[in-house]
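Novice: Here is what each chain is made of, one letter per residue.
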Amino acid sequence: MTTISADQVAGTPTAASTLDLAGVSRWYGNVVAVNDVSMSLGPGVTGLLGPNGAGKTTLLHMMAGFLAPSRGAVSLDGRPTWRNPEVYRRLGLVSEREAVHTFLTAYEFVLASAKLHRLPDPTEAAHRAIALVELEGAQDRRIGTYSKGMRQRARVAAALVHEPQVLLLDEPFNGMDPRQRLHMMELLHRLGDAGRTILFSSHILEEVEQVSGTVQVMVAGRLAASGDFRTIRRLMTNRPHVFAVHSTDDRALAVALMAEASVTGVELGRAGLTVRAGDYGAFTRVLPKIALAEGIRVRQLVPEDESLESVFSYLVEA
Amino acid sequence: MPEPTGVIHDIGYQRYTGPRLGRRAVFGALYLHGLRTAFGLGRSAKAKIFPWLVVAIVTVVAAGLAAVRSQVGETVMTYAQFADNMSWLVIFFVAVVAPELVSRDLRSGVLPLYFSRPLPRSDYPLAKLLALATALWLLLGAPQLVMFLGAAFTTGDGMGGVWNELLDLLPGLLYAGLWAVIFASVGLLVASLTGKRAFAAGGIVAVFLMTTPIVGTLSIMPSRTVNELAGLASPSTLVQGVGVWSLGELLVSEDRGGGDHIGDFGPVYALAAVLLVAGCVALLLLRYRKVAAR
Amino acid sequence: MSTISWITVRGLFGRRRFLLLLPLPVVLVLLAVLSRALGVDPGEWGPPVLVGLGLAVVLPVVALIVGTGVLGAEIDDGTVVHILTKPLPRWQIVLPKLAVATGVTAVTVAVPLYVAGVLADSVRLGLSLAAASAVGALAYSALFVALSLLTRRPVLLGLVYVLIWEGLLGNVVSGTKVLSIQQYVISLADRMSPTGLLEAGVSVPVAAVMAALISVGFTVLAIDRLRSFSAAGETS
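Protein chains in written order, with numbering that gives the first Met the number 0: chain A, 0 to 317; chain B, 0 to 293; chain C, 0 to 235.
No lab work stands behind these hints: they were computed from the structure. Any given hint could turn out to be false.
Stated by the list, open to error - Distance condition first, Cα-Cα at most 27 Å in a straight line; then the derived DSS-like pairs of lysine-lysine: (1) A:147 with A:114; (2) B:195 with B:289; (3) B:289 with B:47; (4) A:147 with B:195; (5) B:45 with B:195; (6) B:289 with A:147.
As the list claims (entries may be wrong) - Calculated Cβ distances over 12 Å to all of chain C for the following chain B residues: (7) 23; (8) 62; (9) 154; (10) 170; (11) 172; (12) 193; (13) 205; (14) 281; (15) 286.
Here a beta-carbon is modelled for each residue, glycine too, at the ideal position from N, C-alpha and C.
All chains, full assembly: derive it from the sequences and hints.
Specialist: Shown next as structure tokens:
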């Protein structure tokens, strides 16, 4: 058997695809699951973030053509995804339910997917997709015997077999052990870097943070924020930004900083300074000047609450 | 840097130290829950559709019979014949309810939760069985009560007529109980074999329906003994046989001259019914021993 | 064989529940053989075995289990998503599945009915029963496949049709026979070999037209419903 490098699959897609949502809402009776969401997803990896019940799965189902929007439109390269099976030539979906045809082997399963896509060389495509998720060793065992993480990878392989420009994954890291998780993250990175549009949902911040800088944050059915999460953080000017500063003379620096309008608080601890700044831009500009004027060398400047976790909790609480 | 500190706040959680209800309460709760599940009570509207469809049909039929009787004075069906004629609906009801009672628990894998309570292994299937039997008895008994009320209020013979009618009703209710026990045991056993409600329902219907034509065929065989024993092959004719033998005159209206089609094999029918129920219960208990051991 | 039918067949036969189908035809053949061996008059055992067991129970129950199994089971456990995320026109999914359901049902039912028909009367009756039950298999399968897309409880609804509509009302209210697949099968079989064993409840043209209408109508309905298939969340 020839070995196929994974990068071969990740290779450049024929053309980048965009998934557009225009004013999409979906309600079930009195319950609004998704409320007026508009977004445009281009190449790269995007994380769809939100607490459980925020409407992530409903949104993904609408993107994948498995649910009609109650209002608004979902389109892939200008074509609607609802009632249009043709979109699956460019779209792959890994759904949250871990349902697989347990009576098939992974190879049969992926091969069947390849054949249903009418690929010119289904055998080769199946081998490649299985290699991509590193499931070669187990490909001839019935999926029923697999662990949760292996099933997940089999499903990813089936969704990738036709090299879709857009790949949607609903909670892809569920049930994976840390190593599989890392591997899946690398895979998503590679696919995103190769110009594919990847969207994955998660309620675990750490996952999103590691895989993707771009996020779409959903809270209670609404799109609360979208874009680079560090930028989103900076936009929230009403919240003080917290920095950990370490310098040659923390005490002197603290005194000088307190005189600045952009600084709202300084705390002197054993490990260094914790500075609260109201204005991100003004503070980062003024700090070097002060340090120069005071003759202090700043050894370290770390934004303390730029983790996705804090961004997210701000949004959810707002 | 400050020392990391941690504290567990007392937000008032307390360990339960009071008296605990015993096995009987667990059994009772399981039984009541089963009975409510049978009619979809405490569940979504969707869960009520099928059981109440059956209830509606039998009630309408009973009301119709009562109306005919009070207007025309003609008894279309006796109480026992009513139960016999509703057999297909009883089968359907079992196919709806039995999977709901046991297959759901198998599918969602909650049995370990049940058996980690002070609940003897055998109590779970027995409570479910009792609930199903009660539901079936109510299904057949309530319409008979409707018929009775219709007859009692229109009788021309005063209290004596009501008394006579009551004497007709009681064996009818007893007979309904027989139906209930036999159909519940067989149905629950079939349902307990699969976690898929759809397949459980199909299986139950297949078992009950398949047996009826077997009886039809056996009863035309060229042997009187075979003919008279044919009823053993199907739960519904088995019930009828036992009914004819034990309740006799009370059950079969004189003009039909019934009773001869089982010959002298009445006790055999009774024994077969007891064995059938006992066998089903034994298998059911065995079944739940295995589930837990998995 | 198309990939869809291959997966469907694997799904149907790859699980133990398929064994559930076996006792029905076996009992049918056993009863026929027994009656024949004991020299019972076919006029007596024919109707209960051929119609009472064969056409009224074995055919609809097998069709129900298979017909809801080819698509309803996949919808139930969620694997249908894998088939739907393919750029296939939806008729290319429904038709192979319907073909598998019809084929499996027809074979499971027609073979024992053929044997029973031969034993009861003649090869001609056997062939007519087999042919008519194949037509019935198609109509029932179309109905049950469509039901799996119209409701989350296709088996129970199918049982309502088979037990209450065809079984109970069909015997009491003769008007319901016009919408009873069982009656079409009886009527068609009786037309192909008039023996007196089968008692037709509807005329042959009605049976033929209605059987065709039901098969085509429910197939079209199923295709349209699959086009608008909505992934529902977990519900009770």
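Novice: All hints, please: hold or fail.
Specialist: Do the hints match the structure? See the list:
| no. | hint | verdict |
| --- | --- | --- |
| 1 | A:147 with A:114 | 25 Å, holds |
| 2 | B:195 with B:289 | 18 Å, holds |
| 3 | B:289 with B:47 | 32 Å, violated |
| 4 | A:147 with B:195 | 22 Å, holds |
| 5 | B:45 with B:195 | 18 Å, holds |
| 6 | B:289 with A:147 | 26 Å, holds |
| 7 | 23 | 29 Å, holds |
| 8 | 62 | 16 Å, holds |
| 9 | 154 | 28 Å, holds |
| 10 | 170 | 25 Å, holds |
| 11 | 172 | 23 Å, holds |
| 12 | 193 | 7 Å, violated |
| 13 | 205 | 5 Å, violated |
| 14 | 281 | 21 Å, holds |
| 15 | 286 | 16 Å, holds |
Comparing the model with each earlier hint shows violations of hints 3, 12 and 13; every other hint is respected.
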